[in-house]
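So the protein sequences, as listed, match chains A and C.
Following this note's numbering, the numbering of the first sequence begins with 26 at its first residue and continues without gaps.
Following this note's numbering, the numbering of the second sequence begins with 26 at its first residue and continues without gaps.
To be clear, the hints were calculated from the coordinates, so they are not data collected in a lab.
Take the hints with a grain of salt, since some may be wrong.
For lysine-lysine, the following DSSO-like pairs were computed, each having C-alpha atoms within a straight-line distance of at most 30 Å [unchecked claim]:
(1) C:K235 to A:K266
(2) A:K174 to A:K110
(3) C:K152 to A:K153
(4) A:K30 to A:K112
(5) C:K152 to C:K174
(6) A:K152 to C:K235
(7) C:K110 to A:K235
(8) A:K279 to A:K174
(9) C:K112 to A:K235
(10) C:K152 to A:K276
(11) A:K235 to C:K152
(12) A:K168 to C:K152
(13) C:K174 to A:K235
(14) C:K168 to A:K235
(15) A:K235 to C:K279
(16) C:K235 to A:K279
(17) C:K279 to A:K174
(18) A:K152 to A:K134
(19) A:K168 to A:K134
(20) C:K276 to A:K235
A partial selection of chain A residues facing chain C, derived with a Cβ cut-off under 8 Å [what the hints assert, rightly or not]:
(21) P76
(22) S78
(23) H208
(24) G223
(25) S225
(26) P321
Note that the structure is predicted; figures quoted are calculated from it, not measured.
Built from N, CA and C at the ideal position, the CB exists for glycine as well.
Protein chains: 2
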Amino acid sequence: MLQNKIGIIGLGSMGYGIAQSILRAGHKTFGFDMDSAKVSQFIAEGGEQSPLSENISQLDIVVVVVLNAAQTEQVLFGENGIVEKLKNGACVIACATVPPEFARTMNDKCMRQNICYLDAPISGGSKKAASGDLSIMAAGPEKTFAAAKPALDAMAENVFNLGEDVGTGSAMKAVNQLLAGVHIAAMAEAITFGISQGISPELFTQIIPKCAGSSWMLENRAPHIVAGDYTPHSSVDIWPKDLGIVLDIAKQSKFPAPITAAALQQFIAASACGLGQEDDAAVAKIYARNAGLELPEQQNNNEVK
Amino acid sequence: MLQNKIGIIGLGSMGYGIAQSILRAGHKTFGFDMDSAKVSQFIAEGGEQSPLSENISQLDIVVVVVLNAAQTEQVLFGENGIVEKLKNGACVIACATVPPEFARTMNDKCMRQNICYLDAPISGGSKKAASGDLSIMAAGPEKTFAAAKPALDAMAENVFNLGEDVGTGSAMKAVNQLLAGVHIAAMAEAITFGISQGISPELFTQIIPKCAGSSWMLENRAPHIVAGDYTPHSSVDIWPKDLGIVLDIAKQSKFPAPITAAALQQFIAASACGLGQEDDAAVAKIYARNAGLELPEQQNNNEVK
């Protein structure tokens, strides 16, 4: 395999896992984060010691794994932005959830400097980032997919090639997030409604996955409520951000989305009540509080399982 | 196998399929419906010729497959109600979606006359009714399950025994309907939002089922929108009824359910616009109309597939 020089900007829970997966695939891998402790930790695991900022002109691919559109723009075109320092034909893989129109703007600006831009939002959570099993909803010219391939192969189990129109990746991600967020909140609404009718969360979790009311999110998150375990695999605060993006885009397109709007309110309430850093299943606590119900407590972790 | 005498009251699309499944299992099967043409049709297929009303005292089991609580009460205890005519120990299998409290009331009244009552809402649609592959969310004493077994075996692929507290079957059905209705409307919201962002329903239906945004209902109903085929396997008008029951129960229990309420409004709009008898995926037409978008037209059925 050809060894590439690949940079990862943003070593949060997703970016760190991506960096590990790319390193494991045998590439010269440079990590960067505002938090220098994360950079040092990655170097200790085998990342390149020389700072990413001093090696930008040599990189073949940069994976940008930051929080949102503003941070993406800052990394690419802000003070010390990387695009003007990258070599001709280098490839930016942009992973944040952003509005499609923003992705198109970034692509246009990159093209003018002979940089390839892949509109490539990611899905799957931190565990799959670390194991190289993400799903990526990607759009861009074939040439860009070819340039990005070494990193994509290392990062992802599924790369959905949505065609060459940049923005389609971000649009599909928005569609997916609309559904995922609504389904988490609907699960929370249903499991607590069940409690109000004498159905325990345990019974709910045994029966509903076998019925027409099931969803991927329900099967994944309802067990957290049964266990009373709100360790954040994906946090409540993701959803005011992502459903906010969905509704911003929808409003710009004059698209009314009443169910998404209702779900967003529940996540905002959860965040307002101090649950923002808990697992997103904690939105059920808002329902329980509003209806005067009790959710299962976490069992002692030292118990035999 | 012991041959039982079993009556089915209500030969709509679900009840007729149930009657066929019970007949196929070898029981002496009596069908009744207000529409005498359906009774005649069932007799022509092998149902007993003697009217159900003249044979009530001989029946071992009566499956009541009517629209709602009011019709169920009418059949059991109204003018010419069957309960006072049934023999001691006969079993009523009550399949309509009803409030749990109603099921408990019916059970109490049946017990006083030595009639077994199984709280047994059904799920799965008319095809599965006809093939004997329904799911049944059932609650009642073990004695009642034993009495109902010949009919349950013929009707259902899955019988979920939710315990002996009558009402738990209806409560679980309400929980499932909450989720199923919300997921259909969320699918409609997402697929039309996708159109507004340049994502075709075809692409949506290829990608989302492989992602975290998927649901059982999405995988089942989104293809109807792609095909432009709104033949009612399950109609829009089911949902104002069933989500209405969910919200009635929720209100009685002082349980706020904002996402269910938002979904219900979309189904009410669909029904108001004359789509009540179309497949429930037609709720997408409300979204398309509100946003000025076009859904796929039905392809010519004579085309080679």
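Discussion item. Check whether the Cα positions of A:K168 and C:K152 lie no farther apart than 30 Å.
Written reply: 48 Å, violated
Worksheet item: CA of A:K235 to CA of C:K279, is that 30 Å or under?
Response: 28 Å, holds
Worksheet entry | Hint status (Cβ of A:P321 to nearest Cβ of chain C, threshold 8 Å) | 16 Å, violated
Discussion item. Given a cut of 8 Å on the nearest C-beta pair, is the interface hint for A:S225 held or broken against chain C?
Written reply: Violated: closest Cβ of chain C sits about 10 Å from A:S225, beyond 8 Å.
Practice prompt. With a cut-off of 30 Å on the C-alpha distance, tell me whether A:K152 and A:K134 pass.
Written response: It is violated: about 33 Å lies between the C-alpha atoms, which goes past 30 Å.
Item to complete: Quickly compare the C-alpha distance for C:K168 and A:K235 to 30 Å and report which way the hint goes.
Response: With a Cα-Cα distance of about 25 Å, the restraint between C:K168 and A:K235 holds, given a limit of 30 Å.
Practice prompt. Would you check the hint for A:K174 and A:K110, treating anything up to 30 Å between C-alpha atoms as holding?
Written response: 22 Å, holds
Item to complete: Below or equal to 30 Å on CA atoms is what counts here, so check C:K235 against A:K279.
Response: Holds, at about 28 Å.
Discussion item. Tell me if the interface restraint on A:S78 is satisfied: Cβ within less than 8 Å of some Cβ in chain C.
Written reply: 35 Å, violated
Item to complete: With a cut-off of 30 Å on the C-alpha distance, tell me whether A:K235 and C:K152 pass.
Response: 18 Å, holds
Worksheet item: Does the alpha-carbon distance linking A:K168 and A:K134 stay inside the 30 Å limit?
Response: 17 Å, holds
Worksheet item: Do the alpha carbons of C:K152 and A:K276 lie within 30 Å of each other, as the hint requires?
Response: Since the Cα atoms of C:K152 and A:K276 sit roughly 40 Å apart, the hinted pair is violated (cutoff 30 Å).
Checked against the numbered hints above, the structure violates hints 3, 7, 8, 9, 10, 12, 17, 18, 21, 22, 25, 26; every other hint is satisfied.
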